[in-house]
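S.K.: What follows is each chain in one-letter form.
Number of protein chains: 8
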Amino acid sequence: MDGELPAEAFLRQVAPVGIGDTGDAQVDVDRDRRCGFPEVVFAQGKTAEAVERIFHKSLEHGTDVFATRVSDEQGGRLVAAFPAGHYNPIARTFRVPPREHGAPRRVGGQVTLVTAGTSDLPVAEEARETLLWTGAEVRMVQDVGVAGPHRLRAHLDRLAGADAIVVVAGMEGALPSVVGGYVDSPVVAVPTSVGYGASFGGLAALLGMLNSCASNVTVVNIDAGFKGGYVAGLIARNAALARSGVGREGHPPT
Amino acid sequence: MDGELPAEAFLRQVAPVGIGDTGDAQVDVDRDRRCGFPEVVFAQGKTAEAVERIFHKSLEHGTDVFATRVSDEQGGRLVAAFPAGHYNPIARTFRVPPREHGAPRRVGGQVTLVTAGTSDLPVAEEARETLLWTGAEVRMVQDVGVAGPHRLRAHLDRLAGADAIVVVAGMEGALPSVVGGYVDSPVVAVPTSVGYGASFGGLAALLGMLNSCASNVTVVNIDAGFKGGYVAGLIARNAALARSGVGREGHPPT
Amino acid sequence: MDGELPAEAFLRQVAPVGIGDTGDAQVDVDRDRRCGFPEVVFAQGKTAEAVERIFHKSLEHGTDVFATRVSDEQGGRLVAAFPAGHYNPIARTFRVPPREHGAPRRVGGQVTLVTAGTSDLPVAEEARETLLWTGAEVRMVQDVGVAGPHRLRAHLDRLAGADAIVVVAGMEGALPSVVGGYVDSPVVAVPTSVGYGASFGGLAALLGMLNSCASNVTVVNIDAGFKGGYVAGLIARNAALARSGVGREGHPPT
Amino acid sequence: MDGELPAEAFLRQVAPVGIGDTGDAQVDVDRDRRCGFPEVVFAQGKTAEAVERIFHKSLEHGTDVFATRVSDEQGGRLVAAFPAGHYNPIARTFRVPPREHGAPRRVGGQVTLVTAGTSDLPVAEEARETLLWTGAEVRMVQDVGVAGPHRLRAHLDRLAGADAIVVVAGMEGALPSVVGGYVDSPVVAVPTSVGYGASFGGLAALLGMLNSCASNVTVVNIDAGFKGGYVAGLIARNAALARSGVGREGHPPT
Amino acid sequence: MDGELPAEAFLRQVAPVGIGDTGDAQVDVDRDRRCGFPEVVFAQGKTAEAVERIFHKSLEHGTDVFATRVSDEQGGRLVAAFPAGHYNPIARTFRVPPREHGAPRRVGGQVTLVTAGTSDLPVAEEARETLLWTGAEVRMVQDVGVAGPHRLRAHLDRLAGADAIVVVAGMEGALPSVVGGYVDSPVVAVPTSVGYGASFGGLAALLGMLNSCASNVTVVNIDAGFKGGYVAGLIARNAALARSGVGREGHPPT
Amino acid sequence: MDGELPAEAFLRQVAPVGIGDTGDAQVDVDRDRRCGFPEVVFAQGKTAEAVERIFHKSLEHGTDVFATRVSDEQGGRLVAAFPAGHYNPIARTFRVPPREHGAPRRVGGQVTLVTAGTSDLPVAEEARETLLWTGAEVRMVQDVGVAGPHRLRAHLDRLAGADAIVVVAGMEGALPSVVGGYVDSPVVAVPTSVGYGASFGGLAALLGMLNSCASNVTVVNIDAGFKGGYVAGLIARNAALARSGVGREGHPPT
Amino acid sequence: MDGELPAEAFLRQVAPVGIGDTGDAQVDVDRDRRCGFPEVVFAQGKTAEAVERIFHKSLEHGTDVFATRVSDEQGGRLVAAFPAGHYNPIARTFRVPPREHGAPRRVGGQVTLVTAGTSDLPVAEEARETLLWTGAEVRMVQDVGVAGPHRLRAHLDRLAGADAIVVVAGMEGALPSVVGGYVDSPVVAVPTSVGYGASFGGLAALLGMLNSCASNVTVVNIDAGFKGGYVAGLIARNAALARSGVGREGHPPT
Amino acid sequence: MDGELPAEAFLRQVAPVGIGDTGDAQVDVDRDRRCGFPEVVFAQGKTAEAVERIFHKSLEHGTDVFATRVSDEQGGRLVAAFPAGHYNPIARTFRVPPREHGAPRRVGGQVTLVTAGTSDLPVAEEARETLLWTGAEVRMVQDVGVAGPHRLRAHLDRLAGADAIVVVAGMEGALPSVVGGYVDSPVVAVPTSVGYGASFGGLAALLGMLNSCASNVTVVNIDAGFKGGYVAGLIARNAALARSGVGREGHPPT
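Residue numbers (the working numbering), protein chains in the order written: chain F, 1332 to 1585; chain Z, 1332 to 1585; chain V, 1332 to 1585; chain Y, 1332 to 1585; chain R, 1332 to 1585; chain U, 1332 to 1585; chain L, 1332 to 1585; chain W, 1332 to 1585.
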């Protein structure tokens, strides 16, 4: 049956989709229904005014608000405009707790967040804020880089049974491989730009993680704490929904 | 309480761990218990004899057998040695169906495997073989590269409700971003070396996927059909276990 | 009016789109109407059988046939299967003259194809075959690399008045900049992998062309004779349609 | 007839060419006649005085004035020196409307300018200013990145019938491929340095665009809003001249 | 005897290991016993408070203190908090002489530190401070880059008999090869980011050293004065222990 | 005392140095005295005849013979010409046992050679052959990659007390960091080109090792089993000489 | 006097220039007069027939013949067609001694050609053949890599007084820096692809030479023995002409 | 006669060589005799005091003084300390005219310095200052980038007869190829970091120049105006000495 759309697909395509137009931005207010979480604002390179307009548009549509790469200047303005919001200057995130605008608290699973060193903190914080926004419960294992091998082993119980594990590491980026060898959870590896010289801004850690000999390791962009947290949070949410017996809405994507 | 191991961790460390020694290889026969799936053999650069020895060692320990990057020469030898095995020369994989050596069929979830073009077939086949080995049920959406935008939209129903989605694409590697915008599943992006010139052996696709503006996209190595299938299969297995009400074994990792 | 589709867009989306399904490929038989030219087959990495199936599907839908990166093996098979077709082993292209299957000859404009050296011939031939397929009239200026500066100047009249100019060059890739300084046509620069050492497979030429100080130079992939010819042919076709007073169909894209 | 120049070419070479010498710069005051538009000044790395001298020399020769990469300091000085000029600090451009110095308004075609996100604004503005300078009519489609796939589809009518389309995108740079699949216009892709980590200052977007599977996509340098606008404006101008029945001057290039 | 740990290894694993927990950092206070020297703090990207907490924790455990990549701000704070400490602002190191907290002076060997140019001083100073901390005796040969070939030859006697040689060089990084040809000591090459243009931040020197035709040259990271000094100091310490007839503790690693 | 050479240095410079001239090669027959081991022949890119001539020249001067990167063709010829020699086709090395030509057996120390996987065997064999040539006693720990973390721990006793440790690993190259955390020996890391995709021929492993967070890790070139073995053998020889109470010859270098 | 050509320049531009047209190639038969040497044919990627046609065209115009990158197949054909020619299969060059076709022997200067190792021979041979073709007298210094530092010093007299020095080296490419420090001649450095691993096909040597701390070192492409020889031969020819009191023809360039 | 030094070489080696020791720097005061010009100071990364000390040491030995990469702070201090010196803040050079300290004015040849654009001025100035220091007579051809092709042709007479030509260009770096095609002089190409995006800090220009199809082009480092000027000045000096009938001192190098 070449070239024809099945009726079901037809209906999906003609359904009105949610776009919130702020003049210069097209806010994807339908994303929560389609993708499980609302749209997140990448604040870098936007004016504070533009970010604020997007926030208002999201709130109008009953969607909660989360932004990353928020500069100090943007953060100050957003705190003033949305007093109930939470600005984390180390993570450079801004979020408004879901309760404020009536959204039900999300169902979240269990995620363990592992860091190689204390210099990786800003990226780890971005991941942690994102995980909290997704509704996940977060267990921390900090400063367990591979050159002190007994440090990770002392915390193996915090890895057990996690729906997903996020590992944040710079320099040679070896920690995800080691973590991956201990667990039956997917490991989302976040390379950081911590290092110097032939780290090449995190390239060494990125390549190390991509070439990980542990089969359960996938990778996101350098310093992408947000994306690491998002994917782990999504995996955990889906597992939690499965455990709850509810499952995800059966809706096919639009 | 600096420097002390909790008793629980102590016990885990002293438990005899499973290592199958073949002389030149240390087969990790404990991995199934620890990581959810048995060890997989990376056959590239090994002699056919060495691969065969590892297979025998695995079977001795009651573990099933899966190998990737199997050359034609290795494949011929393995087919002769293990007649019940399945050799896929396009995927370059060899596996022995679990039933042969008594292992229970694995609980697997639902994974959709999407390919951008027919030239990506070998990598997609490696992913598909891996997914089948993990026990997942696989739905295929083939040849839906982004420059023919209605092709993907005609198959959106096959994306809906998947536990995980694997997207295999070369050239600019844009397909995972587009797929990611339609679904609430994690998307595991597998860049391929299909292309020429400034594709630089898949680097363009890899970078494109790492920089995906879709938040639910993680990435594995270039041409890593195996790893893409493995991680998606692991996510799907964990979701299926959650749905079954059994959950994963509560064991903490060793 | 957030989130609503205008009626016109609605109608476009529900129109049946043309997909020719060959089992493993989704042939985009609607592309001629949408994009001005039919789909072109990238034969590299496909089996000869798969290419042949795609050709039959295209011909069924009344679309003519053009393939690039055709290997000798594929070429032999296609010549046998489609005797009216034209196989150019230097260009590695295969096309069936439009007349054979009743398509009207395309309206084409005027394109000048310039090459830096005789070693660039295979890429230039791919561009020339593509241009002929688009219906363009092609003027050639060959072997006029920048180190023999009077060679290009002796052929300036062939550059004048072209709707588009394709410049194929390897090594330092300087020729498009020099050509660009003489004309009021867009220049499509095609870097080639001709060279050695720090040419890095055409990277030097690519970077040179991207950094061209001539404002009218755009760039395609290394060795992408096809794409260079395609874009130039498309610009020329649109100009020819404009000159003819007919213009392109007013249809908005689907 | 080796080694001889045809008479026509001879005459072209001996015609006095227009060079305006400012001491340290050779202003190409003949470029309008030869290339369709006057020379544009790349202000970066020049002193404000040098830019001003070039402007005066251009105006002396009856050529209008356009400069890019104008710093705040240079902008302030130029605004003071040329009060009728238009300084766009986001685009970092300065132009004097053609009318001021008697030049006829240029014949321009129709160009659609598409952006992936609001962070791409500075590059898009440089493209827009350049397009206006070329005389083109510009339609905008903003913030339609590929991860919100319905956003572009809601604006397909603005793509239809354009003489050329400029697509400005950072991160994975996938938008030109998607746009290219909908239209029969040439697409000029402008990668931006928007992103972080493995974006490598726009390299990811650049490579993605160069490897685009859409055949009608050509590429310019990273953040080269000017060049994207220039080439699109040139294609549109030539098409508009063709539609007007006048055509370009028949002059062969010099 | 697959899968069993020998008793000796068992005992090692169950021994309480030294971890000093500061809240966000896990100080490896067992490292001196295990690795020959205490843990060194990489101060970059840490808050001054965090560094200070780690120092206190180390001193509590009777370990001496050494930190690298200490910023001016961190340095000021540490000098105030630990008046007996030595802050070297050129090397960006901070160390507390071992005597202060009762540790026996370390047994150190003989190391020669060679620099190519005076611009390499900061990296060389980091290496020298590290060597002094390891207890090594350091001989200096400064500013003997290869283009003044008699300069090195005038100081060959300072190379003779060293337990290890550290060579610090930027630009083309050729000096280690030349030094290596004169001696029977291991040469630890430290590439620096001194240079410009195609030095690419020290990449040229790094690659040069990795490709050294002298067989006794190994390499550390760009600007890694610390690591160069550490490894040389460790080799020298082991040699000095061997000469002393005492040798290293026979303990197997944990 | 600017510009003067001390008498001692003067004498060293005027001493006749040992150069064995074969016509096209200058054999450095003095290297044993100067550098601790005789010159080693890099056979790649040389004709078999040239290698044979160099061997004869070395033997004439009483120096023993060792060559690396010996091709099958070269190997066959050398075996025929030097029947007492030992050709290892996996390591691609050829050496003549020192006893044959009367040289005293070298004093060697204790080196542990660790490999991540069985695919790294050729590089490990080159290292092992080199170590044997240096006189070192070699302990092997094979196939202990980081994703099976208990495999290395089962062999920690073979790491203890080594004069130097060579770690051979491809893919992400994480093993040296983990080994380094257990020992007080210098670790010479040898990255291999084992891997695929973003391994980029061993670049990932190389960068990972250069950025190792373990302070005692230095690095040699990709696949440089020879250099890894050489440096480790040199460190071990010097330690063994120190233990023997003899020490190295006091001679300053020439 | 903006925009006018001086009369002298006018005359030069209108002079008939020498182009020999072979159909697909434009032979620059005027180059000898303009550039000091005739055009050289880059045979790579050309058919043997095309090379032969170019040779005939050159000989017709009284120009002698030199080709590089001549494959074995091309070489065989050329030897048959031009029996007086000299084919060097190691250098992959073909030249016809000038005497054959009546050209006067060129005035050449004195060039020293230095190689780092015997594996660099093919590149060095290409340089030597080129130098002989330019008329230069060539002194050889072979196999004097920097790790055997006394080898170069033993041949310093062959460096003295050269009009130019060509240094051919792979691996770390350090030799030009060392040579440069001894002489008052320009040093043309030719990096070779000899090496492995992080040599990256000669990139390491190239970067090393570009960053040379010796001020008199310039660089050509990797493996560009031809260009190294050409430039050195040109410098030497000009010096020889100066010494002869004749000087170069006073002609300004065309 | 293996291993012996000829008497002549012996004498050269034992001659006292000129090293001026400033404590942390070894000033090569013998370089003028050996290399034709005195040592030049690379001021970057040195303290102003260190530069001043080196200057005093050079003047003590009767050598004149030239420094590059002089910062504003260093420049201010040097101007105060050496009032007769000439500080060029655009070139960032400092030199003391030779006459001041009695050195005879150098014999210099004729060099033409060509620039592509006015943004390349700082690098061109560094080259010009260096050329003047070498004693060369400098002719300038400015702002003749390849996209305005008649601009260079209007100044061909300034290229004729030069002993060497320095071409300074950024962006695509095509100008040296075009210049090279007109002349029988060696062309020293200096890539600059002028550009943006895929210029990658001058890499594009560098690669373009290395791959130049003009045989007489050699290359120096990015932004290396000094080295470009130095080598051209050296070639010109040697030619001028040849023309003068004096020639260079016959001394062999030391």
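Hints should not be assumed to be uniformly reliable.
Residues from chain Z that keep clear of chain Y, each with C-beta distances beyond 10 Å, as calculated [said to hold, decoys possible]:
#: 1; residue: R1384
#: 2; residue: G1393
#: 3; residue: E1404
#: 4; residue: R1470
#: 5; residue: G1526
#: 6; residue: L1534
#: 7; residue: L1541
#: 8; residue: N1542
Label pairs and their computed distance ranges (CB to CB) [to be verified]:
#: 9; chain 1: W; residue 1: G1576; chain 2: U; residue 2: R1579; range: 24 to 32 Å
#: 10; chain 1: F; residue 1: R1364; chain 2: V; residue 2: M1471; range: 43 to 51 Å
#: 11; chain 1: L; residue 1: M1471; chain 2: Z; residue 2: I1421; range: 48 to 56 Å
#: 12; chain 1: Z; residue 1: I1421; chain 2: L; residue 2: P1414; range: 50 to 58 Å
#: 13; chain 1: V; residue 1: R1579; chain 2: F; residue 2: R1364; range: 56 to 64 Å
#: 14; chain 1: R; residue 1: V1410; chain 2: W; residue 2: H1387; range: 51 to 59 Å
#: 15; chain 1: V; residue 1: M1471; chain 2: W; residue 2: G1576; range: 51 to 59 Å
#: 16; chain 1: L; residue 1: T1378; chain 2: Z; residue 2: I1421; range: 33 to 41 Å
#: 17; chain 1: F; residue 1: A1415; chain 2: Z; residue 2: D1488; range: 46 to 54 Å
#: 18; chain 1: U; residue 1: G1393; chain 2: R; residue 2: R1579; range: 46 to 54 Å
#: 19; chain 1: U; residue 1: S1575; chain 2: R; residue 2: E1380; range: 46 to 54 Å
What the hints contain is simulated information worked out from the structure, not anything from laboratory work. For every residue, glycine included, the Cβ atom is placed at its ideal position computed from N, Cα and C.
S.K.: Does each hint fit the structure? Answer for all of them.
M.R.: These are the hints, each one checked on the structure:
The non-interface label for Z/R1384 is consistent with chain Y: the shortest C-beta to C-beta separation is roughly 40 Å, beyond 10 Å. At roughly 42 Å from the closest C-beta of chain Y, the C-beta of Z/G1393 stays outside 10 Å, upholding its exclusion from the interface. Non-interface call for Z/E1404 relative to chain Y: holds, since the shortest CB-CB distance, roughly 33 Å, exceeds 10 Å. Against chain Y, the non-interface label of Z/R1470 holds: every CB pair exceeds 10 Å, the least being about 20 Å.
Look at Z/G1526: its CB is around 5 Å from the nearest CB on chain Y, not clear of 10 Å, so calling it non-interface is violated. Against chain Y, the non-interface label of Z/L1534 is violated: not every CB pair exceeds 10 Å, the least being about 7 Å. The Cβ of Z/L1541 sits about 4 Å from the closest Cβ of chain Y, inside the 10 Å cut-off, so the non-interface label is violated. Consistency note on Z/N1542: stated as away from chain Y, yet its beta-carbon is not over 10 Å from all of that chain's, at 4 Å minimum.
The given range of 24 to 32 Å is broken by W/G1576 and U/R1579, whose C-beta atoms sit roughly 56 Å from each other. A C-beta distance of roughly 57 Å is found between F/R1364 and V/M1471, which places it outside the suggested range of 43 to 51 Å. As the Cβ distance of L/M1471 to Z/I1421 is approximately 54 Å, the hint placing it in 48 to 56 Å holds. Against the hinted window of 50 to 58 Å, the Cβ-Cβ separation of Z/I1421 and L/P1414 comes to about 53 Å, which satisfies the hint.
A hinted range of 56 to 64 Å for the beta carbons of V/R1579 and F/R1364 is inconsistent with their spacing of about 38 Å. At about 34 Å, the beta-carbon gap between R/V1410 and W/H1387 misses the expected band of 51 to 59 Å. A hinted range of 51 to 59 Å for the beta carbons of V/M1471 and W/G1576 is consistent with their spacing of about 53 Å. Range check, L/T1378 to Z/I1421: about 36 Å between beta-carbon atoms, so the 33 to 41 Å window is met.
Under the hint 46 to 54 Å, the C-beta atoms of F/A1415 and Z/D1488, about 40 Å apart, miss the expected range. Look at U/G1393 against R/R1579: about 36 Å separates their beta carbons, and that is not inside 46 to 54 Å. Taking the beta carbon of each, U/S1575 and R/E1380 are about 51 Å apart, inside 46 to 54 Å as hinted.
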